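Protein chains: 2
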Amino acid sequence: MSIAEQIRQIAVEARQASLVMARLSTAAKNDMLVRMADALAGDAARVIAENGKDLESGRRKGLSAAMLDRLMLDDKRIAAIAAALREVAALPDPVGEITGMRKRPNDLMVGKMRIPLGVIGIIYEARPNVTADAAALCLKAGNAVILRGGSEAIHSNLAIAAILTRVMADLNIPPAALAVLPFTEREGVLEMLKQEESIDLIIPRGGESLIRFVSENSRIPVIKHYKGVCHVFVDATADFDKAEKIVVNAKVQRPGVCNALETLLIHKDVAAAFIPRIAATLEGLQVELRGDEAFRRYAPSATPATEEDWHAEYLELILACRVVDDMDAAIDHINRYGSLHTEAIVTSDYGRAQRFIREVNSSCVLVNASTRFADGGQLGLGAEIGISTTKLHSFGPMGLEDLTTTKFIVYGDGQVRV
Amino acid sequence: MSIAEQIRQIAVEARQASLVMARLSTAAKNDMLVRMADALAGDAARVIAENGKDLESGRRKGLSAAMLDRLMLDDKRIAAIAAALREVAALPDPVGEITGMRKRPNDLMVGKMRIPLGVIGIIYEARPNVTADAAALCLKAGNAVILRGGSEAIHSNLAIAAILTRVMADLNIPPAALAVLPFTEREGVLEMLKQEESIDLIIPRGGESLIRFVSENSRIPVIKHYKGVCHVFVDATADFDKAEKIVVNAKVQRPGVCNALETLLIHKDVAAAFIPRIAATLEGLQVELRGDEAFRRYAPSATPATEEDWHAEYLELILACRVVDDMDAAIDHINRYGSLHTEAIVTSDYGRAQRFIREVNSSCVLVNASTRFADGGQLGLGAEIGISTTKLHSFGPMGLEDLTTTKFIVYGDGQVRV
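Chains as they are written, first to last, in the numbering used here: chain B, 1 to 418; chain C, 1 to 418.
Only chain B is shown next, with the shape it has when bound in the complex (with noise of 0.2 Å):
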């Protein structure tokens, strides 16, 4: 069979045993995913030697050491696995949840029930632990899932798949509700994004070439995650203990991830008082200041910034940093240069801590509060699938919930349509 052939009839199968996957009922999926994190950790010895296999083919091509770490399976990294596997067994089940049920005149029930969406494609690139994460989150919300994962992990990934659809199929569950794609060429990738008729979402994970090329090329709905220029203002009425602790986290705590802070807007009434302060501060811990000219006056050793700064994902120790009229200039600022992911707000005026909330229509909208908090985890959602900048079906962080759909359902009693 032609690679096109095989993806096609994987992608039929796991269909199939989506219908199966949407009628598990919430005790047979946690026992599947508690024993899953078992069989994972009693058979950590075979994952290891398999990720042997990736580590040393990827030593050959090169891979930078960060890389090599990031690909490196371990006993430990394993039990990490398996904990979060437990985890995911533990998260409230989406599936069934019944809302708005109401009578309508007529005195048909009529309110909505979740379901599942059927079947997910998973595209990631190095880390073999999403294998087992993105599975687990697609099959507690009672979904097949088709996972691609990176050339480089590839030995890793079929053998922790190996061992969960072993699982399943001791359970009589299909083991083609998980899939991992056997291979790893491009052409798999372009023939997975044309099966509209089998797969309902598509994910992708990993840097912006992947997400272009998946959104490029395909004709099922893809959840988009592009970069994030985080912003936060420094209202005229901030407290500064706190504006400073909030800037210092959201930039420095991890400076390599999506909502680590990229643009600091201040407002002029206290742009005297509060730049040379943080600018001590941010310079102290190593990060690079590019300021407009307002900013400069007041944090001569930061660089001139240009246009190029305002629309910046550093992802490392630069700051760009401008001072702004009022909150009007700060908005249109964020929404002229913005990514619409994270932007926060200090202030201690509560008619602008309102008007912030309600106006900026970024995915994660803050008072008071460190632009790294835009995570899965830290909102509450028990664990994240990813995390979207486009506003179709999901806006920001993505939990269970955003891999499941609703339907109306509707009582009577004998009622026609008049």
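Don't read these hints as lab results, they were simulated from the structure.
In this text, all values refer to a predicted model and were calculated from it rather than measured experimentally.
Wrong hints could be hidden among the right ones.
Since copy identity is lost for identical chains, a pair holds within one copy or between any two.
EDC-like, lysine to aspartate or glutamate: derived pairs with alpha carbons at most 20 Å apart [stated by the list, open to error]:
(1) LYS245 / GLU283
(2) LYS112 / GLU97
(3) LYS112 / GLU401
(4) LYS103 / GLU384
(5) LYS194 / GLU216
(6) LYS224 / GLU196
(7) LYS61 / GLU50
(8) LYS112 / GLU384
(9) LYS242 / ASP413
(10) LYS224 / GLU384
(11) LYS227 / GLU196
(12) LYS224 / GLU313
(13) LYS227 / GLU197
(14) LYS112 / GLU359
(15) LYS245 / ASP107
(16) LYS112 / ASP413
(17) LYS112 / ASP375
(18) LYS103 / ASP375
(19) LYS242 / ASP107
Chain B is fixed; fit chain C onto it per the hints.
The following block gives chain C in isolation, referenced to the frame of chain B:
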């Protein structure tokens, strides 16, 4: 300017205007809609004159009498359009609703707030009332809207839009938030579908070929409405009076619409008792029956059904009929041949009713009620912008809320991530 440049400009201006729309108060939006209704009613003569040009050119092009009737506007129909605008004004505003507000262990308050999608593109066919209806729903939900109607109605659509945007301008609301494309070349649709930087959602309303064209050529997410192959399953415990009333209503009341019945499934235990009765009733109403062998045993006048009949969306007085062994067989048939639109069971058995509701994952699932209730107005949405038969973002009849999304909102007091 080329068509491509003009459309790009319309889209960019709509994006800008959407930022203003998103901040309008509910009162301001409602006031705008009521004034639009008044202006339309007051300027009916002008709309009717422009509509006359469309009718004239339609007659020259040889449009059918039915098409010309759909196109025609008179005082009564314009009054109905104005009434629909007032109804949208009276609907609750979904924007700003806050749900799921919860305190996290670190005392952050986290919830979700409903916000507009941004810019919505509607691509539709003949009826000029859609221009006002769709615009009203999009604007009420705080969005900008770009409308691309059919060439048959271009004068009517532009006349309606001119009246509505004049009201917006009078109220200092940017008229760019309501754009009707002033040309009807297909090139215009293609260009519109490329404006993914400015348009958030495309909703095609029309025949299957329009919908396929749009979804195959769009870089913007599309909410699709494919066909409605709706089923009624008459269970072994069905009350025959209710079953007959429901089957007749679902098939006969308005056979040309997507929520009309296309396939009747009958439990084998009641085949002998129910089929002669329902066949006589339906044939008395001029319905052509196409049955499997078991069905025709009790309804010899029915013609033999072929595999194609199980897939058919007739949209006329034809009904495919099949006897099934049990509920599993009914559900299997629906999974195999259905279009995920609407299915109903007629039963007196509590357990089967609940199982049907739980296990049939079409967009609308009913117990003891006609499939014809799968409609936004009937289900209580207030007004309907379309019906989605795909599962992302919306599934089933779509109302105002489906023209919005949610963002995370977080109230803190200086919290940072540890």
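Taking the hints in turn, this is what the structure says about them:
no.	hint	result
1	LYS245 / GLU283	within (14 Å within a copy, 78 Å between copies)
2	LYS112 / GLU97	both (8 Å within a copy, 18 Å between copies)
3	LYS112 / GLU401	both (14 Å within a copy, 13 Å between copies)
4	LYS103 / GLU384	between (36 Å within a copy, 19 Å between copies)
5	LYS194 / GLU216	both (12 Å within a copy, 11 Å between copies)
6	LYS224 / GLU196	both (17 Å within a copy, 13 Å between copies)
7	LYS61 / GLU50	within (17 Å within a copy, 69 Å between copies)
8	LYS112 / GLU384	between (24 Å within a copy, 16 Å between copies)
9	LYS242 / ASP413	between (60 Å within a copy, 8 Å between copies)
10	LYS224 / GLU384	within (14 Å within a copy, 28 Å between copies)
11	LYS227 / GLU196	between (27 Å within a copy, 16 Å between copies)
12	LYS224 / GLU313	within (16 Å within a copy, 34 Å between copies)
13	LYS227 / GLU197	between (30 Å within a copy, 14 Å between copies)
14	LYS112 / GLU359	between (30 Å within a copy, 14 Å between copies)
15	LYS245 / ASP107	between (57 Å within a copy, 17 Å between copies)
16	LYS112 / ASP413	within (18 Å within a copy, 36 Å between copies)
17	LYS112 / ASP375	between (28 Å within a copy, 14 Å between copies)
18	LYS103 / ASP375	between (38 Å within a copy, 15 Å between copies)
19	LYS242 / ASP107	between (55 Å within a copy, 15 Å between copies)
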